[in-house]
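J.: Chains A and B, in that order, are what the protein sequence lines are.
Under the numbering used here, the first residue of the first sequence carries the number 1, and numbering increases by one thereafter.
Under the numbering used here, the first residue of the second sequence carries the number 1, and numbering increases by one thereafter.
A few of these clues could be false.
Since the list can't tell identical chains apart, any single copy or any two copies may satisfy a pair.
[Said to hold, decoys possible] The list that follows gives simulated cross-link-like pairs (lysine-lysine, DSS-like), each with its CA atoms no further than 25 Å apart: (1) Lys209 - Lys34; (2) Lys209 - Lys15; (3) Lys365 - Lys295; (4) Lys4 - Lys34; (5) Lys15 - Lys71; (6) Lys223 - Lys103; (7) Lys5 - Lys34; (8) Lys337 - Lys401; (9) Lys103 - Lys71; (10) Lys15 - Lys5; (11) Lys94 - Lys5; (12) Lys6 - Lys34; (13) Lys4 - Lys15; (14) Lys337 - Lys94; (15) Lys4 - Lys365.
Simulated from the structure, these hints should not be mistaken for laboratory data.
There are 2 protein chains.
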Amino acid sequence: MMEKKKVIFQELLRKHPADIAEVLSQLSDEQATKLLHRLYLRQAAAEPLGEMDPDESAELLSDLDREEAIKILARMDPDDAVDLLEELPQETQKEILSNVDSKEAQVISDLLTYPSDSAGGLMSPEVVALSLDMSVQQAIDVLRQRAEEAETIYFAYAVDDQHHLQGVLSLRDIALAQPETRLSSLVEIDVISVPVEADAEEVALLFDKYNFYALPVIDQQVKLLGIITIDDVIDVMREEATEDIYGMASVPMNESVDTSWFSSLRMRLPWLYVRLATAILAALVVATFEQTIAKVAALAVLMGVIAGQGGSTGMQTITIITRGMALGEMQRHQGHKLLRKEILLGVANGLIIGITLGIITYLWKGQPLLGAVACLAMLFNTVVAGAMGVLIPLGLQALGKDPAIASGVFLTTVTDVLGFAFLFLLAHLFLRVI
Amino acid sequence: MMEKKKVIFQELLRKHPADIAEVLSQLSDEQATKLLHRLYLRQAAAEPLGEMDPDESAELLSDLDREEAIKILARMDPDDAVDLLEELPQETQKEILSNVDSKEAQVISDLLTYPSDSAGGLMSPEVVALSLDMSVQQAIDVLRQRAEEAETIYFAYAVDDQHHLQGVLSLRDIALAQPETRLSSLVEIDVISVPVEADAEEVALLFDKYNFYALPVIDQQVKLLGIITIDDVIDVMREEATEDIYGMASVPMNESVDTSWFSSLRMRLPWLYVRLATAILAALVVATFEQTIAKVAALAVLMGVIAGQGGSTGMQTITIITRGMALGEMQRHQGHKLLRKEILLGVANGLIIGITLGIITYLWKGQPLLGAVACLAMLFNTVVAGAMGVLIPLGLQALGKDPAIASGVFLTTVTDVLGFAFLFLLAHLFLRVI
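When you get a sec, could you build the whole thing from the sequences and use the hints?
T.: So this is what it looks like as structure tokens:
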């Protein structure tokens, strides 16, 4: 039995760190800790930990013996170590850092000062800097020395004595050149770089637009601080998309299929209470017209259709606009033009859908006036929905909030409240029910 | 004036093709065609076209003189040319291909046979294949020759005489080795490859998990067909995320902030009619209980709250599950365990929110029974919503449909219909209103 386990462990050691990470996250806490300890003894724990979600790896690491944890952390890539440390309490962070080799600790504490959703939070400081008066042969010697620890050697950056960024050098050009060629004849000086404080989403858009593999990160004095590689950016894109998708359905950001039911309950309940509050707000409008409904119960049948359709048309608009924002397609559009377009669409959709509903209502109840009320209420609500679908995300963005997250809640509140109000007020006017 | 235009054009020529592409897509059709013609005269039209969305670049190219169009297309990367051609009518495709140089045309027609959402549709055939008995110096000579046309030279693949894939060679290892070293001592034979028919989403998940920069594409005989690089995969990820986000809000897949209002109208209307049909289905339930509502109008106030809350809890579940599917996190979960978890959550959420609503109802109307009806209807609906939130996406996936797209419509139909039915049936039972 022990023999068989050993064989399995040997096989695991040969796998890609991402595969080992997958095994670790599927095991129970106790088993995972045991496996991590065995990996540690074979100096194979740091890489898989770097491949895991930081919240998972942080939990795993804190279950280990403190001394082991510190040694593993010191062997991790500094950017992965930082992501992990950020998940731990301040106390533990300090304790661990005070035990790490002082140079390594300095690098990590520097990185910890950058917000995780900024270029600084994404970058690795392990970037290869070369001097322009080097020859290709000298550059290859430096690359050989740095190959192990550097984030990548496919791109290196030319810097002057004060570490100011001067240009980019690709391994492609270096490898294909003659050994005695000077780097100054290979360097591309039109280098695009990102400031360390740039937003992670903007960095992702740059990678997407220009198909970069790596970008240098600089400070305000144009000094080279680090490098961002495309694999870090892919994680940002995935997270961003998850954030936007979760936002639309009011799902808590930290939840996934792996979350336990009790954690899910605690995280989802606040959102459900928000939804309840907005639903009650809309119900208040209905309650005001209880008398009207008692007389014309058909209004109760129609009200859900009209409010729902407003919500649907408005959500279409919000979705297109917030997605346009996320993909960086909004800069070339002006708010008032989009507003005009969506109001126009609201009128057209509202007329077509409204007339359909009006005819159905007339056929059902035989009352032309009730059909007209249904049609007009639908029209008003889709026009408001279209306008709100533009104004809510643009407004939230102007206030510095993420429009993908709260827009939906605001919209449905407006379309429910106004959908009901339009219907009952028109009924009151046309049918003189009160 | 002409002088100024010339200066602007010269400046444009110095920009990154992605920037030129951006300018092209912002101009009017007529201006864009003119600019493309000028770029063509400077042999600078192919790259920007390759950076544009294929539907835009196809439109632009078809406005050009046919002969020019053919010459530009022949200069494009074959994978970009294919994406563009796929947007053109079959007729035009054939006409263009018959005028392209026959070797180039063969490459393009071969690529056209692969579905665009498969590994074959993503790959470039311009991959560097090396023989294992070569020396590093010989390999560098080959790379130098192929550097211009190859998709990338950072990764090359070792193949035998019959072009069977044997391993991967990185420029990193080649560049750092001594010139006389044999490639057989540098090759990594544990190479991960994708079959040409693999789904684009699966390819994206592989890149995401292993942080690859490039992957070789093989046929059933393990022969090397091409290479997929990470920049192509980023586009897949973006499109996938857009698809999922659009699906949630029933937004037509081809719409963006750039779409004209009339195209938007035509594309959105079918979806709105689907929503109208499902809303009318739910309204039929309400219509059945018109008498009940006329007697207890408070039910009309409550019904929207209960149906809406069911929709919200169910959408949370659907969102987490479909996102888990998209991120490849679902394999390690079993359907029945997720179902149990979500039913448990439905019970807990339903009780907490239901009791809240029950108390509010009691305080409002002073009728304890009406409060109990509201509470129970809420509980039943959130339990059904939780269960449906698991069953609908799993069912759609089992049927081979994209769960992110239609799940929401099915769910709200169920939660509306049952939400109303629970409330009215309970009212009938408890309050004996009929």
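J.: None of the hints should be skipped; say for each whether it holds.
T.: Hints and how they fare:
Taking the shortest alpha-carbon separations for Lys209 and Lys34, only the inter-copy value of 24 Å comes in at or below 25 Å, while the best intra-copy value is 44 Å. Proximity of Lys209 and Lys15 under a CA criterion of 25 Å is satisfied inter-copy only: 13 Å between copies versus 34 Å inside one chain copy. In the homo-oligomer, the alpha carbons of Lys365 and Lys295 lie at most 25 Å apart both inside one protomer (14 Å) and across protomers (19 Å), since each shortest distance falls under that limit. Taking CA atoms no more than 25 Å apart as the test, Lys4 paired with Lys34 passes inside one copy only; the shortest distance there is 17 Å, against 71 Å between copies.
In this assembly of identical chains, the alpha carbons of Lys15 and Lys71 lie at most 25 Å apart only when taken from the same copy (22 Å versus 48 Å across copies). Proximity of Lys223 and Lys103 under a CA criterion of 25 Å is satisfied intra-copy only: 20 Å inside one chain copy versus 48 Å between copies. For the identical chains of this complex, Lys5 and Lys34 are intra-copy neighbours only, at 13 Å inside a copy versus 70 Å across copies, given an alpha-carbon limit of 25 Å. Taking the shortest alpha-carbon separations for Lys337 and Lys401, only the intra-copy value of 22 Å comes in at or below 25 Å, while the best inter-copy value is 36 Å.
Proximity of Lys103 and Lys71 under a CA criterion of 25 Å is satisfied intra-copy only: 14 Å inside one chain copy versus 57 Å between copies. Taking the shortest alpha-carbon separations for Lys15 and Lys5, only the intra-copy value of 16 Å comes in at or below 25 Å, while the best inter-copy value is 59 Å. Proximity of Lys94 and Lys5 under a CA criterion of 25 Å is satisfied in neither setting, with 37 Å inside one chain copy and 60 Å between copies. Proximity of Lys6 and Lys34 under a CA criterion of 25 Å is satisfied intra-copy only: 13 Å inside one chain copy versus 69 Å between copies.
Taking the shortest Cα distances, Lys4 and Lys15 sit within 25 Å of each other inside one copy (17 Å), while across copies they are farther apart (61 Å). Within a single copy, Lys337 and Lys94 get their C-alpha atoms no closer than 53 Å, and across copies no closer than 40 Å, so neither meets the 25 Å cut-off. Proximity of Lys4 to Lys365 under the C-alpha cut-off of 25 Å is found in neither arrangement, the shortest distances being 76 Å within a copy and 69 Å between copies.
Hint check: violations occur at hints 11, 14 and 15; the rest are consistent with the structure.
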